[in-house]
Amino acid sequence: MKKRETGMTRRGLLQSTAGVGVAAAAGVLGPFDFARAQGMDLAATSGEPIYFRGWNFRTDVVQANVERYNTNLNGKVDYATVTGDYPSIMEKSLIANADLDVLYANPSSAVRYYGGNWIMPVDDMPNAEEIKAGMYDNIREAWSYKGKLLGLSYFVSTRGTMCINTEKFQAAGFGEEDYPKDWPELYSMLYKLRDKGEKTPYLAHWFAEWFGISWGFVFEMMNRGGVMADPETHKPMMTVDGPAGQTLEDWKKIWKDGFVPEEVLSYNEAAYIDAFRSGRYIISPQQIYDLKTFNDPEQSAAVAGKIGFLPYQGQPWGLIDSAMYLMTSRDRPDAVTDDVKKFASWYGYKNEDGQIAVAERWMKENMLFSAYKEVMESDLAKETIQASISNPDDYEKLIEVYSHTPFPKGIWSVVWSEEFNAWLREKLFAFLQQDLSVESVITEANDEIARLNKKYKID
Amino acid sequence: MARIELINLEKVFGEQHAVRALDLEIADGELLVLLGPSGCGKSTTMNMIAGLLPPTSGSIVFGDREVTDESPYQRNVAMVFQSSLLYPHLTARQNIQMSLKRSGLSKSDVSQRVTEAATTVDVAHLLDKMPGQLSGGERQRVATAKAIVRQPACFLLDEPLAALDAALRMTLRSELVNLQKRLNTTMVFVTHDQVEAMTMGDRIGVMRNGGLEQIGTPNDIYNNPESLFVAGFVGSPPMNFFAGDIETVDGQPTFVNAFARFRLADAYGQLAPRSGVTLTVRPQFMRIVSEAGEGTVPLTVYAIEHLGNESVLIADAPDGSKVRAVVAAGFEAKIGQALHASFDPSNAGLFDTKTERRVAQ
Amino acid sequence: MREKRWTIWMTLSVIVALLWTLVPMYWTLKYAFETHSEIAAFPPLIFPPNPQVAAFFNIFGHDYTLASGQVVKGSGQAQQIMLGLRNSLIVAIVVTIITTLVVVPLSYVYARLEFRFKTALLMAVLLSVSLPPVSTLIPFYSLYVQLDLVGTLTGLIIITLTITIPIVTWMLIGFFRNLPPIENLARIDGFSKAYTFIRIIVPMAWSGILVAAVIAFLFSWNEYVYAQVLVTGSRAVTLPAAMSGFLFQVPNPEHLAASLTISLLPPFFIAFFLQRHIVEMNLSDPVR
Amino acid sequence: MSNLQFALLVTVPVLCFLVIVVAYPLGYALWVSFHEVSFFGGYSTEWVGLDNYVAVLEDGDFWRSALLSVRFTVESVIFTMLIGLGLALILRDLRGRWVWLRAILILPWAVSPYGTGILFAFLGRGQSGIGTAFISLFGSEETINLIAANIVVEYLALGNAWNLAPLLAFFLLASMMTTPSRLYDLAAIDQINRFEVFLHVTLPPLRFTFFVFTCIITVLSLKQFDYIFTETQGGPGNASSVLTYQLYKISFVNLELGLGAAMSFYLLFLILAVTLGLYFFWGRREARNA
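Protein chains in written order, with the working numbering: chain A, 58 to 516; chain B, 3 to 363; chain C, 367 to 654; chain D, 55 to 344.
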């Protein structure tokens, strides 16, 4: 609420300045002026519907945003959620040239869609340079492929933020000074916690979704300093005695020692989050924004106010999990394409008042981080984050964790990303359940990357 | 009312010859019973008369009208099916009305005729019941009412009494005959029960393997069976059979086998010796004697069935075949006791074992 | 004495059967009456501590204030749930009607009449019973893309018919085979084949047809595989597809349970009132 | 109108519909199974002959998931038969004012497979499951998890049986009602015990229904996808990744259409072979006795 008032005053201020200053411009002054300053008029003109699809996350918020656009700017945006295997269903829609204009996508999918000529990069928008300039370099870099920025910012998160149930941790006789600094320390802490009688100290990121166990492996080996594939050439780079091999060795150990309940391997993300929310576990890699829900007494009575996180102490945690709003390049009249750009700009960047309203709302409602500096460096962001974590003083630490988070460019900025991900997911399950050797998994993973490179003629 | 004529009727199902070269004439107002074991073609014949099955070849004539290609309704036949089939979801009244659905009669006429028909067979009080609520006998009467309400050219009844108990069957048997005579409508009645056939039919057509074995009045069929099959199928207790040969003894044709010899009746005087014949004698004509003699068969008592006014003695002949004799009610014998039987040669029939036909006198 | 022991056994087995039947449903559906925190509690709660109906309001887009004063926000999936409910009803009713209209004569013909090619035709029907939906998912999708049927109710209805028609035919053939040979009676009464079928066979076979309709309704109401691919994210979304929005990513077990409860009501209603007709179904072999 | 004409009149439109709507995708799948299809960077296909069929047979995952499918199916049939029979016996003996309970016992049949999957997922997980809740009443802090690799297939089959058994029970009940009550009197005179009565009087008329349902449940279980999808997602790990699930991953997620099509034909053959096998070795005999 506070932030909104600030916004109102700023707008009031600008308007009054304009009113005093240039009488001649008074007729055209109004909200649209800011849009024009952006290089485009945001109001829809074609009269045709624009199809906007996303996965199911706070659809009430999305719905409200879309309705505001439709009401204020004459839009005919048709919003719906797509459920199930989201990237596959979307890829099929794109192949089929289905009614689809703006969609959510993770960077790896975006690269594939771009490689398939199914999407239109941000560079095609009139205000592309302004948008790019507003983003943090590392994120823009992560979202770019062959020199093009693929989409607008939906959210950025550290998946693998090491959440910790401080109450239980302390009850076991440990304090902040005992917080593990890196993965090996974390695993040895599990054994200590078990010795203190904790049956389930750790909820591993090994669930069954396409962003579950495979991503869990990717971020862990990256955190340990590994690289799966070269960021430029995409050549496989895993080694048995390197971080990849160490990760698997540790996995095998904690799996055999019974630290991971088997059912986790069948969880969807909902079950994974709820399992941690129940207070049964002490440490678990989660989305950075879920710190807010875990500390919300209405949603998580059992753990609210008790969920902290492991700070950056030389080793990063997790990986950059992010999503963009993409614009498709399907067959449609130019006028409609213009409307698509306008809506994407309004939704994924600034609204008619010149505010990055959607991203700010995501920050406020769900603590979703944004690629835009203006959002992240605002008071709103700081206040939201402070209000969302168990200890407001940890704000700087959280930003530090976030800013050190790596992005797996080698396997994500390449068209075979999704295929490899599916393969890796299967292989990791087999590794655990069929007790495959570390060597064979690493070798096969490297071979698979090489095979995919060959298949898509990447050298 | 119609005379029905079947001319060279044939029905073939795939490989199976269900009815072959059947010629049959049914007089107007006659009650003809088609009798035979299951699979003999009697139901197929009836279905062809009804028009439910098209014949493979041959023709069917009602009166002077060739009806071979007409539908059952055009032929104006009424039919009562096995177990007195009724529409299970309709009341008795509606079932009977269905027969008149296409008659074009006015509503009041229909309802009057339904009431009349129901009264005729004494089911007027059951008209609003569903078939499921009726007893077997009541269902049969409703089915009959359904048949007569049409005032059809002929009635076709396909084993309507098969599922009923014996006492009820007897009652309904006479009711049906009485009704048929009153209405004076041609009726064809299919059954495998020879008692039913004997008691009901004006004439009986005995069928076997798709052909007509013999047709005639009940008396004819009973007394002068033309084949071993008819002889064995009709009559209760069933016919006795003796297998043997004909030899000439003392200038007389004589039936001879391992344990008996019978001088044949004078009517067979000219018969030349031949092998492979079967001698038939109805149990009613068998006489039990205590001493062996000329023309006796040695028997071992197997069982006695008491029927009240008389008894049936069942005994084993030396070749293991069963021989039955009707004896007086007071007759006593022990199981296993040795006896002898004889009969008057003029009551015996003589058949060729191979062709199963009667040996000409 | 023996009778009494039997009664005790009987009572016990009825109780076991009821538990077996109801507990799996109760265990998840109770979530609809709990808050998210209560659902996430560990060890899990056996009874909702403060039963309330917020979720039922939420899934239709309304906020709900709990007794504690906490406001539970309406779900953004509400529009899709309502759309899904409407579409599912349309699809299920249309499919049921078409299936019944088509299958009743079809299975009657197979069951009662003799004609050439019968076995071959029957085998064709059986083949389509055996087709797993997963195998035809992609082919159907590509066909539908060409026909512009993706994301349409028409498309979903057509595809659902390919499931319901064969399986219901298969079940009804056995039923018709067991009816008494009433056609001859009807022919004697002078009725045409069509009249016999419509006015005599159909009324006689009412239970079987009702059961067939119920089975068709359930199959289409419950269809998920095709819907997930063909209509998810479109105006033609069905309830199962809309509901699966609560399933995968963001945890909303209370909304999932509430919408599952609602999706169970129509089939429960139907099954509850029509179960006595199933007892009249007596199977016989359709390929005999 | 002859039988053939009447038959054609009702069947031809339906068959045309089925042929167009089923045969086209089937034909397409057949065509695809001999090709390698690529959508990426424009649609392209390449004739590869029997390569896909060979590749499937050489794939260890195929055999593993085929085995899982068979295991799931066999167990589903057994569980459904036993539970269906048990329910039918209870349904039969419900008398008087308890008859309405029949309407309760049919309800699981009305639950969709995906709904059943959701129910049994929450029910069986150690985190949220009933087993954990139950033992916690006695102060235990252990969890009882049924979604575990070694028993997950059995658990899935049990849920499948929960879903399917009520229908079987009702059909069995229908058959039981055709048994003449005199047979029970006969059994009473022969003084045979309850189990023998069940064996010699109750069971024989049900055998044909058992056969038909064995076929139905076999086909449904081999085809089952959405139930497994919502309950375990083929997991934990790959532990319940049956053929249909494997097929879904290959065809739908990985878009390896040729391979997927070849695999679906193996699945189709399996289904047809099993049903025809059941018919020839069991059904024909039952049909003769029925």
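In short, the hints are calculated from the structure, not lab data. These figures come from a predicted structure and were not determined experimentally. Be aware that a few hints might be false.
Residues of chain A placed beyond 10 Å of chain D at every Cβ, according to the derived structure [unchecked claim]:
(1) 393
(2) 430
(3) 511
Each computed EDC-like pair below joins lysine to aspartate or glutamate, with the alpha-carbon atoms no more than 20 Å apart [to be verified]:
(4) 514(A) - 195(D)
(5) 511(A) - 310(D)
(6) 253(A) - 195(D)
(7) 439(A) - 457(A)
(8) 511(A) - 90(D)
(9) 512(A) - 195(D)
(10) 484(A) - 266(A)
Listed next, the stretches of chain A that the computed footprint assigns to chain C, with coverage defined by at least 3 CB atoms under 8 Å from CB atoms of chain C [said to hold, decoys possible]:
(11) 136 to 145
(12) 322 to 330
Even glycine gets a Cβ: it sits at the ideal position worked out from N, Cα and C.
Which numbered hints fail = Structure breaks hints 4, 9.
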